[in-house]
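Novice: Sequence:
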Amino acid sequence: MGRSQVLAGAVVGALVMVFANVAFSWFATGPGHEEWTDSAIFMSPVAAVFGAIVGALGALAIRITRPASRRRDTHHQREKRKYRLR
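Residue numbers (this note's numbering): 1 to 86.
A portion of the hints provided could be inaccurate.
Per label pair, the in silico range of CB-to-CB distance [unchecked claim]:
#1 Arg66 - Phe27: 34 to 42 Å
#2 Pro31 - Ser4: 43 to 51 Å
#3 Asp38 - Ala61: 32 to 40 Å
#4 Thr37 - Val16: 13 to 21 Å
#5 Ala28 - Arg66: 37 to 45 Å
#6 Gly58 - Trp26: 25 to 33 Å
Calculated from the structure, these hints are not laboratory results.
Heads up, the beta-carbon is just placed ideally off N, CA and C, and yes, glycines get one too.
Let the hints inform the model, and build the full structure from the sequences given.
Specialist: What follows is the structure in structure tokens.
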């Protein structure tokens, strides 16, 4: 479960940063919006890598700092509570 959360954070971070990069490239070219694709294409891989790193670190930080009581129970833990085993 932990790896999938970190992977999901990386994917979401990469998508957000690429979208932000394309939007910034478009708005930064001025009223004519000419030649915005050059900077968007050039910087998108860099933005994707940066976003993936930040997203993965953010998801990992959430995973680590979340209280243990809110983590998903395993099947074994549920059975112990069900039958009050110690």
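Novice: Does each hint hold? Answer for all of them.
Specialist: Hints, verified against the model:
In this structure the supplied range 34 to 42 Å holds for arginine 66 paired with phenylalanine 27, their Cβ-Cβ distance being about 37 Å. Take proline 31 and serine 4: their Cβ atoms lie about 44 Å apart, and the range 43 to 51 Å holds. Take aspartate 38 and alanine 61: their Cβ atoms lie about 35 Å apart, and the range 32 to 40 Å holds. At roughly 20 Å, the beta carbons of threonine 37 and valine 16 sit within the given window of 13 to 21 Å.
The given range of 37 to 45 Å is respected by alanine 28 and arginine 66, whose C-beta atoms sit roughly 38 Å from each other. About 26 Å separates the C-beta atoms of glycine 58 and tryptophan 26, a value consistent with the hinted range of 25 to 33 Å.
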